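Using the sequences and the hints given, assemble the complete structure.
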Amino acid sequence: MAGNMKVLNALDSAKTQWYHFTAIIIAGMGFFTDAYDLFCISLVTKLLGRIYYHVNGSSKPGSLPPNVSAAINGVAFCGTIAGQLFFGWIGDKIGRKKVYGITLMIMSICSIASGLSFGRDPKTVMATLCFFRFWLGFGIGGDYPLSATIMSEYANKKTRGAFIAAVFAMQGFGILGGGIFAIIISAVYQACFKAPTYQVDPLGSTVPQADYVWRIILMAGSLPALLTYYWRMKMPETAHMEKVMQVDIGTEQKEPVVSAVKSGNEFGLFTKQFLRRHGLHLLGTASTWFLLDIAYYSQNLFQKDIFSAIGWIPAAKTMNAIEEVQKIARAQTLIALCSTVTIQLIGFTMMTVFMFALTIPYHHWTLPGHHIGFVIFPARLRSTCHGISAACGKLGAMVGAFGFLYLAQPQDKTTADAGYPAGIGVRNSLIVLGVVNLLGLFFTFLVPESKGKSLEEMSRENEDSTEEGAEVENHSSDNRTVPV
Numbered sequence: 009m010a011g012n013m014k015v016l017n018a019l020d021s022a023k024t025q026w027y028h029f030t031a032i033i034i035a036g037m038g039f040f041t042d043a044y045d046l047f048c049i050s051l052v053t054k055l056l057g058r059i060y061y062h063v064n065g066s067s068k069p070g071s072l073p074p075n076v077s078a079a080i081n082g083v084a085f086c087g088t089i090a091g092q093l094f095f096g097w098i099g100d101k102i103g104r105k106k107v108y109g110i111t112l113m114i115m116s117i118c119s120i121a122s123g124l125s126f127g128r129d130p131k132t133v134m135a136t137l138c139f140f141r142f143w144l145g146f147g148i149g150g151d152y153p154l155s156a157t158i159m160s161e162y163a164n165k166k167t168r169g170a171f172i173a174a175v176f177a178m179q180g181f182g183i184l185g186g187g188i189f190a191i192i193i194s195a196v197y198q199a200c201f202k203a204p205t206y207q208v209d210p211l212g213s214t215v216p217q218a219d220y221v222w223r224i225i226l227m228a229g230s231l232p233a234l235l236t237y238y239w240r241m242k243m244p245e246t247a248h249m250e251k252v253m254q255v256d257i258g259t260e261q262k263e264p265v266v267s268a269v270k271s272g273n274e275f276g277l278f279t280k281q282f283l284r285r286h287g288l289h290l291l292g293t294a295s296t297w298f299l300l301d302i303a304y305y306s307q308n309l310f311q312k313d314i315f316s317a318i319g320w321i322p323a324a325k326t327m328n329a330i331e332e333v334q335k336i337a338r339a340q341t342l343i344a345l346c347s348t349v350t351i352q353l354i355g356f357t358m359m360t361v362f363m364f365a366l367t368i369p370y371h372h373w374t375l376p377g378h379h380i381g382f383v384i385f386p387a388r389l390r391s392t393c394h395g396i397s398a399a400c401g402k403l404g405a406m407v408g409a410f411g412f413l414y415l416a417q418p419q420d421k422t423t424a425d426a427g428y429p430a431g432i433g434v435r436n437s438l439i440v441l442g443v444v445n446l447l448g449l450f451f452t453f454l455v456p457e458s459k460g461k462s463l464e465e466m467s468r469e470n471e472d473s474t475e476e477g478a479e480v481e482n483h484s485s486d487n488r489t490v491p492v
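The sequence shown maps to residues 9 to 492 in our numbering.
Worth flagging that the hints you see were computed from the coordinates, not collected in a lab. Among the hints, a few may not be true.
[Said to hold, decoys possible] Simulated pairs of lysine-lysine, DSS-like, Cα-Cα distance not exceeding 27 Å:
#: 1; residue 1: Lys131; residue 2: Lys325
#: 2; residue 1: Lys242; residue 2: Lys105
#: 3; residue 1: Lys131; residue 2: Lys68
#: 4; residue 1: Lys106; residue 2: Lys242
[Stated by the list, open to error] Label-pair restraints from in silico Cβ distances:
#: 5; residue 1: Val196; residue 2: Ile117; range: 20 to 30 Å
#: 6; residue 1: Ala323; residue 2: Ile432; range: 16 to 26 Å
#: 7; residue 1: Ile192; residue 2: Phe126; range: 44 to 54 Å
#: 8; residue 1: Ser67; residue 2: Ile439; range: 26 to 36 Å
#: 9; residue 1: Thr422; residue 2: Lys280; range: 32 to 42 Å
#: 10; residue 1: Gly127; residue 2: Ala199; range: 26 to 36 Å
#: 11; residue 1: Ile192; residue 2: Val63; range: 27 to 37 Å
Just so we're clear, the structure is a prediction, and the values are computed from it rather than from any experiment. We put the CB at the ideal spot given by N, CA and C, even for glycine.
Below is the structure:
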């Protein structure tokens, strides 16, 4: 497929152009939405406890029971794992473009539905919320491998790493956007509906209108996705995927082109040849993502508990319900502003240093990092392998979310939250996360360096291919291989 290779080589050597930035915005907004939807729940869990689990006569505001809190925080990750595996596989089978818009609509619809969770009693409301957040996670899971893979295949060889990092950096902006929006909404409601603190009036501290606050915050996650839907639908199939599907690059019709000789490297997933070439690579990307997300998601989802433990947020009984949302959002926004997106090796190193530093002065900082290892896999398996790696990451997120929920409880059971057993405390939990990051640092060395190499060089796709094969008609200069 000489014509195909010419186009791919042209894309690899192309100068940075406007379509590159268009692709960054389109794919990046997907990651922005992913982060907003996954982390905005941590802003409102304490409010949910006050509204639906108030206990008359208690000295503390109501809080979610352990099983409910675990479900609310973790159910989206269950959906994300399923979505990453399914859409990663389907993206390699029928193409990235066909399913790219579907994931966006799932995210948008389920974000709105989450805010409309209904029921006459707390159990019903929490059940419907968990149902919609599972499918929200399913859509988010599909967006992960597709957005990242599309960006890697649109980027040129020289700036691929920077462009992919820019897309992943939108996760930080998603967390920041969630915090800022929560501050605005809670400030507006607090100004309109005055309420005493819990210790002054336990019932009056949670005004009825507070029920709208968490719903609005969750529903707002649909807006960024909807704003880019039109442009996402206009994106053509990537050139690398069209080559795999053996179609004329630049056309929208997927008609098979009969090839005289099949390439010698057309092996399947988990065959001996795949394991020989990419087995350690997949282990590296999957293990590092797993270990990273244990620390990353646990400390992001439960920042509010860390803030309370180190005194960044006043005691819950000294605030009313909406004020508590505002204080939590303000602290999370500050952390998001301080975050730095870096390559994974540096990221794991700095996360390890800072996690251990947390246990000495006991101040909370965070420096997450990502290494995008999916560029090292063949195009026909790239989305699937990224989905597998990302799914391992979400398994780590579940371990972190559920584990930290219990481990961070005080060692004295009498001071633990209602319904929780004694834990090891926030300080010791952060030591555990520091060790996890250190392990991730070591596993990073299984992932090869991709800087300055084309996707074909990294994946060794053309290693065994012959130059024989059916000739493909020359492509005209106006063929569309980039977003418009």
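Against the structure, the hints:
no. : hint                           : in the structure
1   : Lys131 with Lys325             : holds (24 Å)
2   : Lys242 with Lys105             : holds (9 Å)
3   : Lys131 with Lys68              : holds (21 Å)
4   : Lys106 with Lys242             : holds (11 Å)
5   : Val196 with Ile117: 20 to 30 Å : holds (26 Å)
6   : Ala323 with Ile432: 16 to 26 Å : holds (22 Å)
7   : Ile192 with Phe126: 44 to 54 Å : violated (25 Å)
8   : Ser67 with Ile439: 26 to 36 Å  : holds (31 Å)
9   : Thr422 with Lys280: 32 to 42 Å : violated (58 Å)
10  : Gly127 with Ala199: 26 to 36 Å : holds (29 Å)
11  : Ile192 with Val63: 27 to 37 Å  : holds (31 Å)
When each numbered hint is compared with the structure, violations occur for hints 7, 9.
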